[in-house]
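Input sequences plus hints: build the corresponding full structure.
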Amino acid sequence: MSANSVNRRRILSLWLPRLPIDRIKRKLAQDIASQADAQEVAGLPLPQAGEAKKAELPSVVVAKDHNAILLHAVDEAAVRAGLSIGLPLANARAICPELTVYDADPAADLKTLNDIADWCDRFTPLVALDAPYGLFLDITGCAHLFGGERALLQIVTGALSRRGFAVSAAIAGTSIAARTLTRTASGKIVADREEAAAVGPLPVSALGADAAVTTGLRRAGLKTIGDVASRAPHEISARFGAAFTTLLGHALGQGDAPISPRKPLPDYIVEKRFPEPVATDTVIALTLSSLAKMLVAAMDKQGKGARQLEASFFRTDGAVRAIMVETGRPVTRPEMIDRLFRERLDALNDPLDPGFGFDLIRLAAGRTEIVVQQQRDLDATIHDNDELSALIDRIAARIGGKRVVVHLPLESHVPERSALALPAQHHLAAAGAAAWPERVAGEPPLRPLRLFERPEPIKVPFATVPDGPPHQFTWRRAQHDVVRVEGPERIAMEWWKQDGASLTRDYFRVEDAEGQRFWIFRDGLYESELRDEDGKPVPANWYVHGLFA
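So the mapping is simple: the numbering used here equals the position in the sequence shown, first residue as 1, plus 224.
It should be emphasised that the hints constitute simulated quantities derived from the structure, not laboratory data.
Treat the hints with care, as some may be off.
[As the list claims (entries may be wrong)] Derived lysine-lysine pairs resembling DSS-like cross-links, with alpha carbons at most 25 Å apart:
1. 626 <-> 487
2. 760 <-> 683
3. 487 <-> 335
What follows is the structure, encoded as structure tokens:
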């Protein structure tokens with residue numbers, strides 16, 4: 225085998241032609257089983273056999289197309305009754321009166337396809353959607369882990385069939401060739417460089433081209449892919465377009481477009497498969513600890529640490545649960561990884577449910593960075609930063625990274641825009657080096673300790689005009705008598721960021737009779753900005769924006 229062929233990709237294509245109806249019937253079967261279990265526990269009669277018999281009747285999924293209700297998906301019983309996709313519902317009822325009809329739900333179908341793709345992650349991290357009912361798995365270099373390509377294909381199709389899905393699968397060197405084979409030659413495994421011979425006898429409809437192109441090929445007497453391939457490429461391009469010529473070339477193994485994996489490939493992956501499913505918290509915790517050691521050992525060889533970690537738990541029933549944590553600094557210690565995941569698992573609103581057990585647990589480092597070695601024995605600042613970063617990581621793992629923030633200064637005079645809240649894990653160093661305006665010694669603070677996210681309106685019965693402070697105001701149904709005032713401080717809005725609706729503000733630092741200090745402002749200037757459409761003066765609106773200590 226040449227070196228060029230060794231590097232060729234191997235693609236496993238999955239096609240679930242009855243996904244919409246299989247999804248519905250699988251859900252109904254689960255509901256019947258759950259009802260039977262609940263009634264058995266309660267000592268009630270089990271569900272009647274008529275419900276199970278109804279599930280065996282021909283079933284179809286319908287969707288509206290140009291004001292016509294057509295069959296969107298059919299089950300095996302409906303196919304035996306002579307029904308097919310695209311048939312009007314009225315005709316279908318005439319052919320098969322005992323027909324169970326369900327409405328199409330594309331969003332639920334897509335979710336089911338994504339759930340199946342999550343389950344397929346156990347075989348390869350490179351899984352791509354092939355809408356509407358297909359998947360591509362790049363199994364290059366990993367098929368031997370499952371006993372070879374034939375064994376892998378049987379494992380995947382067998383598991384999906386047991387879960388109630390009709391599935392067709394094929395393996396080839398290109399994604400288009402593999403997908404073409406799934407339409408008419410399920411179970412086919414094509415050796416490298418033999419795609420043209422494998423797809424040649426198949427009908428042109430298997431290519432999945434537009435209906436107009438397929439009809440045109442048939443009218444031209446080109447019924448099989450081999451018939452089309454026998455013509456010169458320029459003839460095909462002139463009649464059916466360059467896009468179809470490219471599709472044909474990929475089906476014949478002449479180059480291939482790369483697939484687009486649903487998830488980016490992690491930098492490092494370690495996993496453990498279990499011959500018998502595990503469900504106890506102790507075993508799961510020990511497994512995560514051992515995987516953390518393996519992951520750190522792999523990263524240490526290249527001097528890297530993890531910034532983003534994801535633990536995936538694959539249940540035996542096909543469900544997959546992924547838990548992700550992020551860190552402020554590259555993590556290089558397995559005990560820190562173990563602690564972060566303990567914090568994350570303990571804080572889950574929806575606890576990790578093993579069901580009948582996990583047969584695979586995977587730990588991946590989605591993002592890594594080179595670890596910079598620093599002098600740590602003599603520099604206490606580095607130790608303090610490490611401890612602070614570790615504390616932030618633990619808090620973020622428990623309550624979420626977006627809830628632990630630091631503030632960075634912005635060049636703006638508008639109070640609510642003078643600081644930016646950002647996740648502390650990613651901006652801790654910038655926050656430590658940020659330069660904030662210094663307070664003038666001996667002077668009271670110009671800005672309140674507590675600044676409201678949105679200014680709150682207050683009622684001012686009267687104020688000294690044109691630019692004086694109020695003598696009294698009501699805030700949150702409490703009246704405050706003003707005894708001391710500092711100001712005004714006039715702040716104009718940023719005209720280049722406004723639509724002209726924002727007004728100039730006059731801020732005052734006021735103290736009431738009880739010693740409470742407020743930061744209030746009048747929104748707009750008398751006799752210039754505060755006028756109605758007729759040019760008449762209107763009362764000003766007042767707001768409290770913050771509280772001083």
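A quick look at each hint next to the structure:
no., hint, result
1, 626 <-> 487, "holds (22 Å)"
2, 760 <-> 683, "holds (21 Å)"
3, 487 <-> 335, "holds (15 Å)"
In this structure, none of the earlier numbered hints is contradicted; all agree with it.
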